[in-house]
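Engineer: In case you want the letters, here they are:
There are 2 protein chains.
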Amino acid sequence: MTENTRKYEAAKILLQVSREISSSLDLEKVSEIVLDQSSKALGADHASLFLMDETIRKLMLTKAKGFSADELDNINLLGSWEIINENVIKSKEPLIVNDIRDNFLFKGKKLPFADIELPIHSFLAVPLEVEGKIIGILIVSNRKRPGHLFTEEDKELLEALSNNIAIALLNAKLYHRLKNLFISTVTSLARAIDAKDAYTSGHSERVMKYAVAIGQELNLDEETLENLRLASILHDIGKIGVKESILMKPAKLLGYERRQIKMHPGIGARIIESIDDSHKIIRGVLEHHERFDGNGYPHHLKGNAISLEGRIIAVADTFDALTTDRPYQKGLSKEAAFDRIREASSTQFDPKVVEAFVISYHKHPEIWLEK
Amino acid sequence: MTENTRKYEAAKILLQVSREISSSLDLEKVSEIVLDQSSKALGADHASLFLMDETIRKLMLTKAKGFSADELDNINLLGSWEIINENVIKSKEPLIVNDIRDNFLFKGKKLPFADIELPIHSFLAVPLEVEGKIIGILIVSNRKRPGHLFTEEDKELLEALSNNIAIALLNAKLYHRLKNLFISTVTSLARAIDAKDAYTSGHSERVMKYAVAIGQELNLDEETLENLRLASILHDIGKIGVKESILMKPAKLLGYERRQIKMHPGIGARIIESIDDSHKIIRGVLEHHERFDGNGYPHHLKGNAISLEGRIIAVADTFDALTTDRPYQKGLSKEAAFDRIREASSTQFDPKVVEAFVISYHKHPEIWLEK
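Residue numbers (our numbering), protein chains in the order written: chain V, 1 to 371; chain R, 1 to 371.
In short, the hints are calculated from the structure, not lab data. Please note: incorrect hints may appear among the correct ones.
Note that identical chains are pooled: a pair holds if it fits in a single copy or bridges any two copies.
What the hints assert, rightly or not - Below 25 Å or equal to it, Euclidean Cα-Cα: the simulated BS3-like pairs (lysine-lysine) are:
1. K330 x K252
2. K330 x K209
3. K334 x K65
4. K90 x K196
5. K133 x K12
6. K29 x K249
7. K243 x K179
8. K12 x K92
9. K262 x K155
10. K173 x K334
11. K334 x K63
12. K280 x K90
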């Protein structure tokens, strides 16, 4: 093995850590990987990640690993995080402290160290910077036990990784923000469209909540759940193409009016046709009024010929419609609606979807019983 | 310097390259950094990046640097990329070729090497993999000149980096896809709302196009442009709260009807209030009917008290309204509308925005003259 090859051996390990850290755009997951990888790389017992909350300009503990709940309480009580973070922010340099009680940072502070067991004996804290701006602080620490000290080499290693960690976290944050902006924008628009129909205020949001709950019970993967979320929030979007006088009518609809209403899934499908990747959400919108027995609309599809999204949204939509008051008809109680859905298993609805609905209803009453 | 410290010196350089590569979620920019960093690190004359197009399952040249247009033509003519890429895909291993004419890859192929000057003498190609799947290929190459050969060490270096490059590209692709999905979804919804007003089909999209053109002329930063894009596509969203009978009326509006119409910016602002970060776009929607001289609506704001977004959308919106046919009134020609906007500088419109509009109109007729 040449000198150069050996050099790359060390580099490869760090690159791999950096790669693991960047391998997701899910903030929760990235934070977890950062804590796992950094505590593993340094043989530390705990790791804690602080991220800057930009609205209040304050570092917040985002995630910690290795502590018991009691230990975390003690640390908070002693204000240890604040002292460490203040020092790191001031110096913008990594900080090693190998005996926390004897250290200048904590000496002279009137903290009741004598009374409370501090779970941290030694720690290494590094600032996470992007373009000179501190976006967070990563602290790895050890339990109070002899012989576990952090070295200059540990510091170099974590410092070398720190900017890569910072960028991975920042990318995940950006992705997270865009996703929130997307979902909240679409929700606002769906809410505005619901408002056109005097009796469906908040309907699309509730159907989304119900549909996602059923989807989770069916163990759908993250991508399918995302599509289901979008399809369900948009399932009534086609109502924008139905005359107001029909949507707003405070009485039972006449035949030709009902035919107009029945056009909304098709209109909705045409509206979202121009969305990129729309084929993944279009069927949920188009088929949410199909019935499992083939007696639905608009295409009289039957059984599994109806997309899973359509079968799920059908249950979610019906549950909300049944429990909503109309001017000419009071809504059913949640329990009565629950029974109706169960009775319509295999006729109106896919029995597998109804089964997931039943499980979710009992497991998560906070989702189904809240108005 | 200890042995360990030296190890980290090499690692630090690679980590820095990996960091540079991950420092953006803009696919275009990431590709550029990948080419710059990899050709710099290996002292190569050119670098070429291929990414897998998932719809057609084919590697496509995404970006290349260091070639003249003629050179690229010759390479394409000779089908050199295809031969290299096929071999890398088959072996899933990096490939070094230091004399392309003598190499087995190209021997026996009936390529007119004798006639055409091949600009590549030697190359190093690495597959870019994420979870065992090839998402692209990176090729660094040298001009035909003696003494510039790629070594095993070069291969190790690029191989060590390749997975980090792959992840950075994949993250940028995911971000790009989400952004497209967002913009296309909002556009579809805005289009559906435009369709409620019989005479404004396509209006919101054109206003977005115009507003962004003006914003670019004003050198707005990327984030402000994004907000402007969203505010302009949504500027008429409040029309969803105005009665259809008024929006659809095929004649001049009566006083009370006009008052109803004038409520749409305020309704729009309330609709998007629930969007995350909405304060950045809300004013563009709320203030797009304000006038620079203070005679607009709904709040009679004056001058710079109107948000820049509101002042820009006002020009974009008016230009489109002037050039659109109404049932009771034919639209003006583009030239006449252009003159009208110029005449209303300082009264209806911010003169700075009008100036940017005038420059953009002359510089980009494809934006302004296309119907």
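Engineer: Please write out, lowest number first, the hints stated earlier that are contradicted by the structure.
Structural biologist: Violated hints (numbers, rising): 3, 4, 6, 7, 9, 10, 11 and 12; every other hint is consistent with the structure.
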